[in-house]
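Starting from the known structure of chain A, arrange chains B, C and D on it as the hints suggest.
4 protein chains.
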Amino acid sequence: MTITQPDLSVFEAVESEVRSYCRSWPAIFDRAQGSYLYDEDGRTYLDFFAGAGSLNYGHNNPVLKRALIDYLERDGITHALDMSTTAKRAFLETFRDVVLRPRDMDHKVMFPGPTGTNAVESALKLARKVKGRESIVSFTNAFHGMSLGSLAVTGNAFKRAGAGIPLVHGTPMPFDDYLDGRTPDFIWFERLLEDSGSGLNQPAAVIVETVQGEGGINVARAEWLRALADLCRRHDMLLIVDDIQMGCGRTGPFFSFEEAGIVPDIITVSKSIGGYGLPLALTLFRPALDIWEPGEHNGTFRGNNPAFVTAAAALNTYWTDGQMEKQTLARGERIERTLRDIVTEHAHAGATFRGRGLVWGLEFQDPARATAVCRRAFELGLLLETSGPQSEVVKFLPPLTITPEELDEGLRIVTRAVRDTD
Amino acid sequence: MTITQPDLSVFEAVESEVRSYCRSWPAIFDRAQGSYLYDEDGRTYLDFFAGAGSLNYGHNNPVLKRALIDYLERDGITHALDMSTTAKRAFLETFRDVVLRPRDMDHKVMFPGPTGTNAVESALKLARKVKGRESIVSFTNAFHGMSLGSLAVTGNAFKRAGAGIPLVHGTPMPFDDYLDGRTPDFIWFERLLEDSGSGLNQPAAVIVETVQGEGGINVARAEWLRALADLCRRHDMLLIVDDIQMGCGRTGPFFSFEEAGIVPDIITVSKSIGGYGLPLALTLFRPALDIWEPGEHNGTFRGNNPAFVTAAAALNTYWTDGQMEKQTLARGERIERTLRDIVTEHAHAGATFRGRGLVWGLEFQDPARATAVCRRAFELGLLLETSGPQSEVVKFLPPLTITPEELDEGLRIVTRAVRDTD
Amino acid sequence: MTITQPDLSVFEAVESEVRSYCRSWPAIFDRAQGSYLYDEDGRTYLDFFAGAGSLNYGHNNPVLKRALIDYLERDGITHALDMSTTAKRAFLETFRDVVLRPRDMDHKVMFPGPTGTNAVESALKLARKVKGRESIVSFTNAFHGMSLGSLAVTGNAFKRAGAGIPLVHGTPMPFDDYLDGRTPDFIWFERLLEDSGSGLNQPAAVIVETVQGEGGINVARAEWLRALADLCRRHDMLLIVDDIQMGCGRTGPFFSFEEAGIVPDIITVSKSIGGYGLPLALTLFRPALDIWEPGEHNGTFRGNNPAFVTAAAALNTYWTDGQMEKQTLARGERIERTLRDIVTEHAHAGATFRGRGLVWGLEFQDPARATAVCRRAFELGLLLETSGPQSEVVKFLPPLTITPEELDEGLRIVTRAVRDTD
Amino acid sequence: MTITQPDLSVFEAVESEVRSYCRSWPAIFDRAQGSYLYDEDGRTYLDFFAGAGSLNYGHNNPVLKRALIDYLERDGITHALDMSTTAKRAFLETFRDVVLRPRDMDHKVMFPGPTGTNAVESALKLARKVKGRESIVSFTNAFHGMSLGSLAVTGNAFKRAGAGIPLVHGTPMPFDDYLDGRTPDFIWFERLLEDSGSGLNQPAAVIVETVQGEGGINVARAEWLRALADLCRRHDMLLIVDDIQMGCGRTGPFFSFEEAGIVPDIITVSKSIGGYGLPLALTLFRPALDIWEPGEHNGTFRGNNPAFVTAAAALNTYWTDGQMEKQTLARGERIERTLRDIVTEHAHAGATFRGRGLVWGLEFQDPARATAVCRRAFELGLLLETSGPQSEVVKFLPPLTITPEELDEGLRIVTRAVRDTD
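Residue numbers (my numbering), protein chains in the order written: chain A, 1 to 422; chain B, 423 to 844; chain C, 845 to 1266; chain D, 1267 to 1688.
Source of the hints: derived by calculation from the structure; they are not laboratory data. One or more hints might be untrue.
[As the list claims (entries may be wrong)] BS3-like cross-link-like pairs, simulated, lysine-lysine; straight-line CA separation at most 25 Å:
(1) C:975 <-> A:131
(2) D:1397 <-> D:1374
(3) C:975 <-> C:952
(4) D:1395 <-> B:553
(5) D:1395 <-> D:1374
(6) B:530 <-> B:551
(7) A:129 <-> A:108
(8) C:973 <-> C:952
(9) D:1397 <-> B:551
(10) C:975 <-> A:129
(11) D:1331 <-> C:909
(12) A:108 <-> A:131
(13) D:1397 <-> B:553
(14) D:1395 <-> B:551
(15) A:129 <-> C:973
(16) B:530 <-> B:553
(17) B:487 <-> A:65
(18) A:131 <-> C:973
This is chain A alone, in the form it adopts within the complex (with noise of 0.2 Å):
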């Protein structure tokens, strides 16, 4: 296939350089539906990202495209702050139905502002307020967000000096499975806080992803998320959990930590909430550490109505019975094989692999290897982003709700990309 090389020069001149997806997918994207994207000379590309895992119900899904339109024909209120309106109801009463309640949790929402770092800024807040405590601990190869706070709880050394600042009341502990893999879990971080001598600042919370997506797809064992949890509680830290990636479905179950049987004291949600990539984000808590006193937390575009409308229609569209974790339990399986195969035809290559749902990571001895890949899918039609702290791991995060058949083709497209780049 010839691809004729885009007139990028606008974007050039204009925008500022710190752009980045970009210059790996050079396409002048225009259209989008379910898995596939279109870019404006007519190619066509399927899309194994899931903008960044905020697309898990696919691109301008229809029903929710069929409740957007209908609330804005309509001149539903676009713009509320946090005023009461109908949609917000709406959003509220299947949230609370349809999520919070078969899960038997009466965790309070709050609409933190519309991105993943405006829902852990609030967390991180309000934890140090319940603890009247500044520390918070988080774990190797973290990703939280690029605003101050959510930064000194990230482990990206290039993405934390962009701070500009010393970025301190942070603590990294180790991952699962970071150290040799023989070393106790927690031994290092238990020792810290039972020993009054350990010149650890007492923690308010610890920060947790399950899986951690752009660190690598490091993926925690249920039974390190409940010894974790077990930790807290013993030692009087919050558990958050930041579910920003991987929640709304990305594992399997609506939340990603349901597999662990925990529940956290906080948890942040956002990209896949509103179900059709509008911006949205919640902070939920248990209703007892509910001491924010009015808008002592806010943000402008907090109530985006319009993102209401569609993240209620697309937890009545697919969370209402088991269908959708099944389902992504069989795609992630088959995506599951198709690595394993991958992995033995390239095992002069160390190539390794991991995952859970539908997030999976394709890692190789030689870091660079990851970028080849993706550079080559991308030549055959497949969007793929690398993550871990050197882009050495080759990232799968499809839209839930990929069919077979797409998930078959990208499947086919990954293992040319890997042999091609052998």
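Leaving out everything else, chains B, C and D in the frame of chain A:
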């Protein structure tokens, strides 16, 4: 008029105590058009609030609505991070041609995430990176956002306390006319900068609003802004204008700093830039400052393509000639006349007013009066909020597209609300 | 007079580049008595420096020397941490009877470690503990020490930069007469405190020197100090007077703040408190503030018993009546007269002077002149140092015990050095 | 033996509640000689405490005493900041010839102020300046001082809380044998350094004690120290050994790190360096690190000349041959034998011991036992203090000059005190 108390039980049961506007305006809003909102009980509310400055073109502006629905109907890309899209290109071209070039500005455009605080965080990061210093100077009663970086340069003690950590690396300086009206401007700030023994950490940048919206409608004089720009130049500090609330025509010209004839090094824009109340934010900076590495700052919803569509439509509709600016100034004079009358009538209550373009503030000696006026206005069908550190200022922020008749209707309600609360 | 360059090679080879006084005064000092030092080549130096205020009673004062040698001879305890000793008891009793009681002060005495910066660190810790706040207000051109806590409230940019971390939790305010001489005192500070939107982190305490020694011999007026004390009381901030350099009689009375009629909540004392130039420091505070837990602050050399002995001897010798204060003021007038003459004679050079008691400063329009005067004075056998952010002030700090003849001798040298550098 | 309760009323009335040792040892000490203290009631106390390591050569050592009194008698300079003096030259020459050269060290000598915390503050400043980074790694149960810079790298939670501000820019790592005894050394630290996604702020330096005195007599193995030095070299971090308590022969050789065969980049020395219990401290560093500007760090009492005199005398008396080291190791073995016996006898109480040279610790399963043993020892005329985060370790720190008979006497008391508290 009899008000039936709406059923707010869902919000009270499920939503966090942090909610605030819904407490002042106990109604459940459903639809909105132009300058009016409608609640589900059929009541009509004239809007002198405009989504805290996010709805300069009114609710569900029909031109923008058409463009938005067309885009959605044809499955235009919704969510794209910073991939290149046709919608983004159209926005960039429009912004360059309609906004930047006519003002002789060659600022680069960054999409830092779709909220004001994302824009401020990125502006502060960039300033720190460029100058290699941590400290930022802000002004008394500034408001720049609620994530930790932005909050550190925000004045409000209640909001600052919510951080849960000491907010450092920021130093407040007196805003225009903050002291006794006789003290020369910048006498303190400049002395600190000149004196190597002053104890001021040398700032990377100064961040300022030309009119402080949340801080109490404090209007900086053009000569003060020019002197500030001059101070920045002489002392090697970047000048950041936070035009999130006052930009997009609120004070008359597109950027609020145009009247002063200054060109800031960095500009943050959000709220009405999307045009339709959809989340969008920009950070603009001189090309020489564009030293970002790819991805050094990012955010999942930084490519909110539906907002690009409405943003471009708004610019093309309202900003290709000088009509909007003229109209805003004319409408503003109408408000000014009414406020002058109110102040004269209520001289005994120590009433004062100030403002510019279509942002005005009315203050009484008794700080509680502002809340009383807004409450009464609400009963009379007008949305008005307070601002200032003690909520002591009634804030006028109607859509720029308000008709003279609507404006007069609102001003009559205000006049009555002031009388009723005497 | 021919100066043989001394052999400084050992210092240059072995000692760090951080050394400073030895560069201004290239001599190898061997002995000292009263107001004179003697180098190993037999040269004599009159001392207008007095160990930067640590030798108010002159070098090797015979009364204190006797007491010290007697104590050493009889094997009195030398090092005792905070164990109870007879020497410490004698000091405490003397300090209580000679210093505290006659001034109606019931301050508790803390031994925070034997240096000024230990005292300041403990004062700041205590203030923060008592008030539960992090922020401390200091003043432009303040100097409080070189450990991180003290440095954060010190003004000098060069010294601050040495910290290697951003110094935070301190905010500088204008010292007396810092601005244009017309701006009302505290107009800015008080406004910040009153305005909950000012962005000032509410301070735990204010730390101030009554006369800034390192900062350039800046003399606070008594009424300014009283207004500051009043401000602290009205705004719930502790008042810390750092009397390390100006206490022990330097300005006349034992404490430098006595003239203003104020009683600080916390006082730091060091330098001349030991009397003989031996390391000792005290932190004094109102009994109600004594909420320390045992050992919450400590230091290995906090019980420097030989210094207790000389300290008690100095108090008993010089402070049981008002003679010392009278004499200091009389000697000070002598300096003042000379400085007035110099300033008159050198009006063309923009000479000015200021001071109180036996601390005076002489400044010229050309900042380099102060260094030139001190260098010439050294050649003429007089030790004089500069102070101020640009070393622009010649600082007069003779022993309080200097005789009128010695003082005249020194002032004659100063007069000549000024002329010689014209 | 009947103890008359001493009259401590002056201390209680005048001195701050912060005092601590005087509470454990309710006596008023008056004189001291060699290994004995005498209170004013004539009681004798054998000293197994040695001024917390400041009196390695015993109390009022006659050789040093003679040198000191001679110096005072002849009016040698007492206080000299960093002016060049004959006493300082003699010390520098002696230190170079007796300490540095024989060990092939060419470290520069800095006088940072006369206390240990001054030395640590200057070491951290220098490391940060050299590397341009803020972060310092310290170890669990480290103790480095009480001023804010030193406290931030100190482990004890109680002491840290006294800061009144969050202590940041420090990260604790596990000291030797901190975990389970099976986990490989540095597995965690090295992984953090290697992984750019770990979230560790890249450290400027590592600060370590070879034996943690305050932390509970935790002895680092030589191979652990060597591995640490290697880690520092490989990861571009400076190695700072805080030898304030363990240097000057406490563990045998002059520097405690000699046994491990490492040469730190920066070394802090204080406590016994003055020899006579007089305040003195040194910061030593490789010549290439000596990038200080003149006066960039300073302190009023950094030139404590009487301490230079006793320091030089101590070096000349005790360190010109290997006798002191041999004697210390021999005396240490005597302690070790006794502790082995005690531990055997009290195996039922879970007694353990550890140490090196003349610093030893005895621990029981019940943390309160250590305090009980020390209290009983005091009644029996022996000064012994506890250490460790819970004061759970009896700490043996006799003067290095203790005679075998005195040592045996003390060990008999210890044996009895342990029995008496069973």
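Quiz prompt | 25 Å limit on alpha-carbon distance, applied to hinted pair residue 1395 of chain D and residue 553 of chain B | solution = Distance of about 18 Å is within 25 Å: holds.
Exercise. Given the hint that residue 1395 of chain D pairs with residue 551 of chain B, test it: the Cα-Cα distance must not exceed 25 Å.
Key: holds (19 Å)
Quiz item: Has the given pair, residue 975 of chain C with residue 952 of chain C, been kept, meaning a C-alpha gap of at most 25 Å?
Solution: holds (18 Å)
Quiz item: Is residue 530 of chain B close enough to residue 553 of chain B, meaning Cα to Cα at most 25 Å?
Solution: holds (18 Å)
Self-check item: Hinted pair residue 131 of chain A and residue 973 of chain C, Cα distance within 25 Å
Solution: holds (18 Å)
Quiz item: Is residue 1397 of chain D within 25 Å of residue 1374 of chain D, Cα to Cα?
Solution: holds (18 Å)
Quiz item: Are residue 973 of chain C and residue 952 of chain C close enough, with their CA atoms no more than 25 Å apart?
Solution: The given pair, whose Cα atoms are some 16 Å apart, holds under the 25 Å limit.
Quiz item: Under the criterion that the straight-line Cα-Cα distance not exceed 25 Å, is the pair residue 975 of chain C, residue 129 of chain A satisfied?
Solution: Distance ~18 Å between residue 975 of chain C and residue 129 of chain A Cα, so the pair holds.
Self-check item: Agreement of residue 129 of chain A and residue 973 of chain C with the hint, judged by alpha carbon distance not exceeding 25 Å
Solution: holds (19 Å)
Practice problem: Assess, step by step, whether the Cα of residue 1395 of chain D is no farther than 25 Å from the Cα of residue 1374 of chain D, and give holds or violated. | Solution: Cα-Cα ~16 Å, so holds.
Self-check item: residue 1397 of chain D paired with residue 553 of chain B [C-alpha distance capped at 25 Å]
Solution: Holds - the C-alpha atoms of residue 553 of chain B and residue 1397 of chain D are around 19 Å apart, at most 25 Å.
Exercise. Quickly compare the C-alpha distance for residue 975 of chain C and residue 131 of chain A to 25 Å and report which way the hint goes.
Key: Answer holds: residue 975 of chain C to residue 131 of chain A is near 19 Å, not above 25 Å.
Checked against the numbered hints listed earlier, the structure breaks none of them; every hint is satisfied.
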